[in-house]
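Visitor: Residues per chain are reported as follows:
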Amino acid sequence: MTDGPAEHLIYADRLVKTYPDGDVHALNGVTVGVRPGQHVAITGPSGCGKSTLLNMLGMLDRPDGGEIYFRGEPLSKHANLDHFRARQIGFVFQSFFLIPTLTARENVQVPMFEGPRLSARERAEKAEALLELVGVAKRASHLPKQLSVGERQRVALARSLANDPVMLLADEPTGNLDSDNAVKVLDLFASLQKSRNLALLVVTHSDEVADRADRVIHMKDGRVLSDSATR
Amino acid sequence: MYFVSFILKNLTRRPVRTALTVLGLAVAVGSMIALLAVSYNVEKSVESAFDRRRVDLVVMQAGKSSGLNSDFSEYLVEEARKLPEVAKVSEGVVDVTDMTRDSGASDPVLIQGWRLDNFGFEDIQIQPGGRMLERGERNKIMLGRTLATNLNKKVGDQIVFGGNKENPYEVVAVFKSFVVFEEGGAIVPFEDGQLLTGKRVTGFSVRVKKVSPDSAAEIEVVRQKLEALRDAKDTTVRLAAQTPDTYVTSVSQLKLIRAVAWLVSAIALAIGVISMLNTMAMSVLERTQEIGILRAVGWPPLRVISMILGEAVVLASIAAVGGTVIAFLGLHLLTLSPKVNGFIEPELALVVILRGVGITVLIGVLGGAYPAFRAAHLLPTEALRHD
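So the protein lines, in turn, are chains L and C.
Using the numbering used here, the first residue of the first sequence is number 513, and each one after it goes up by one.
Using the numbering used here, the first residue of the second sequence is number -16, and each one after it goes up by one.
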């Protein structure tokens, strides 16, 4: 990967992250880039820094060194990273993190408060459409505890699309699913990524998940060991 | 979904805790509103009495905390009456005296000794079957409605003071007054009042002749002249003349009621803030992961603060409504007690309710501020890892 920030949707340049409880370098000079519409998997053993890298790229945490560029612009100079996250990035987590008191429809609307201005009715209609897209529209009025784990992850996926992001970041999205549900959710990811031309960055331990990506980045000890195209 | 419906759903997820927090706060707020109402009603009652009776100046002995411990000679009243700017003077004696019940027990009762031309007789309403005091008669008494009810006395019955059964007072009237103290007290002829209280005059009210548009200046002139009056036989006595507004704010009993009301308010505020702080801190702690996801999807700190503060303010607002109901019921219950019903009016003025609601909302904001600030500054990654 020889191109610079300008050729990528998001580009991490020599990222360093050290946790204060020790001398562990979670990231030790990591440089990666993701192009628009590209599907990238990050693999590696536990503690290798792959989730830390995902959090940095999603601006959930800040690096101690290096720079992250979005569409060629350094994010360290971005005044409002909350706004950036709300509008540009969708997150999917292994534990879904749905709000237990809200129905599926309401959970999907949560990010919309910080998205483009919509009326309450428009928010509800958009949430319905997204739930339809991920195949759980009939469960829109159900609370998370009334949904199966597969349905919960679909609702979480619908929530990640609430503000029409250009990039999806997924941290072990099939980690809590059985194999059938995992395949269905991965198919859904693939379909949405293609139809919406999303950049998709997936952290995974699973070879099956990684094999679906255009590129696989393998990490160890806070460094990129390999970065290769799968097809 | 509206933002406010998200806030309400957060409150209903732990219904028992929400209900207990509201209840605790409502009791504290209810006590506060009730005491503020007592203080406000007493002040308004006294103020309106002077206002209705067109009193321009209230005069009592200088250096005394209220009319109850004031005492000066009738000579000073006569001198005041002679002032050319004075239209009318109405003097009286007032004190708390032991009234002996048939059982032998005694109750402290506010006794006022009035002359027949006292301003107060212009607006009290004598209940059917009763009559006014008459010139020159003695050992007659008019009972305020509340006192008559408390003592179970009616026209024709007898009242005994200080256990002196040889010198009873005959009830000639039960009256209604818009002054709560008068409804809970009794009026006797001026001379009997002097006898019962052991005082000469405790105070007088003055109506000033007003000829120019600047009545305040005219009243001030009279005020200064009244304060300059001296009794050659009792040179240590000075008079303090005050406008009714100043008088109400300076009377020590009213000051005490006001101080107690605000002290209880401060305690209620402290209890409320601590209770709210505890509830909201627990709520934030339990929802750390949720707050993490809200931050992750782009909610800025200000929206998280709005959410937590919103929850605290909604809790406080519900408590304010509950507190107002508790205060209303509490005041009405208090008026059932003969010990205090002569001093308490059960009305809840709008200004008192608004003051109570304002303080309660302040409790919500103060109690929710720290948890809200803490929640807003959670790092999303740390919050999501929280177990």
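Keep in mind the hints are simulated off the structure, nothing from the lab.
Don't take every hint at face value.
Stated by the list, open to error - Rough simulated footprint, nothing fancy, chain L against chain C, three-plus residues with beta-carbon under 8 angstroms: (1) 244 to 258; (2) 275 to 283; (3) 360 to 368.
What the hints assert, rightly or not - What follows is a list of derived Cβ distance ranges for each label pair: (4) N261(C) / G549(L): 44 to 52 angstroms; (5) L6(C) / S588(L): 45 to 53 angstroms; (6) S300(C) / A741(L): 43 to 51 angstroms; (7) R526(L) / Y353(C): 51 to 59 angstroms; (8) S320(C) / H654(L): 32 to 40 angstroms; (9) S691(L) / V344(C): 34 to 42 angstroms; (10) A332(C) / P612(L): 29 to 37 angstroms.
Stated by the list, open to error - Cross-link-like lysine-lysine pairs, in silico, BS3-like; alpha carbons within 25 angstroms at most: (11) K(-8)(C) / K650(L); (12) K65(C) / K192(C); (13) K27(C) / K238(C); (14) K192(C) / K208(C); (15) K657(L) / K(-8)(C); (16) K47(C) / K216(C).
Note that CB positions come from ideal geometry on N, CA and C, so glycine has one too.
Visitor: Hints first: check each against the structure and report whether it holds.
Guide: So, going through the hints one by one against the coordinates:
1. 244 to 258: violated (count 0)
2. 275 to 283: holds (count 9)
3. 360 to 368: Since 4 is at least three, the answer is holds.
4. N261(C) / G549(L): 44 to 52 angstroms: With Cβ atoms ~50 angstroms apart, the hint holds.
5. L6(C) / S588(L): 45 to 53 angstroms: About 50 angstroms separates the Cβ atoms of L6(C) and S588(L), which means 45 to 53 angstroms holds.
6. S300(C) / A741(L): 43 to 51 angstroms: violated (60 angstroms)
7. R526(L) / Y353(C): 51 to 59 angstroms: The hinted range 51 to 59 angstroms is violated for R526(L) and Y353(C), with Cβ atoms some 39 angstroms apart.
8. S320(C) / H654(L): 32 to 40 angstroms: violated (55 angstroms)
9. S691(L) / V344(C): 34 to 42 angstroms: violated (54 angstroms)
10. A332(C) / P612(L): 29 to 37 angstroms: violated (44 angstroms)
11. K(-8)(C) / K650(L): holds (22 angstroms)
12. K65(C) / K192(C): holds (13 angstroms)
13. K27(C) / K238(C): The given pair, whose Cα atoms are some 13 angstroms apart, holds under the 25 angstroms limit.
14. K192(C) / K208(C): Holds, at about 14 angstroms.
15. K657(L) / K(-8)(C): Holds - the C-alpha atoms of K(-8)(C) and K657(L) are around 15 angstroms apart, at most 25 angstroms.
16. K47(C) / K216(C): At roughly 20 angstroms apart (the allowed maximum being 25 angstroms), K216(C) and K47(C) satisfy the hint.
Checked against the numbered hints above, the structure breaks hints 1, 6, 7, 8, 9 and 10 and satisfies the rest.
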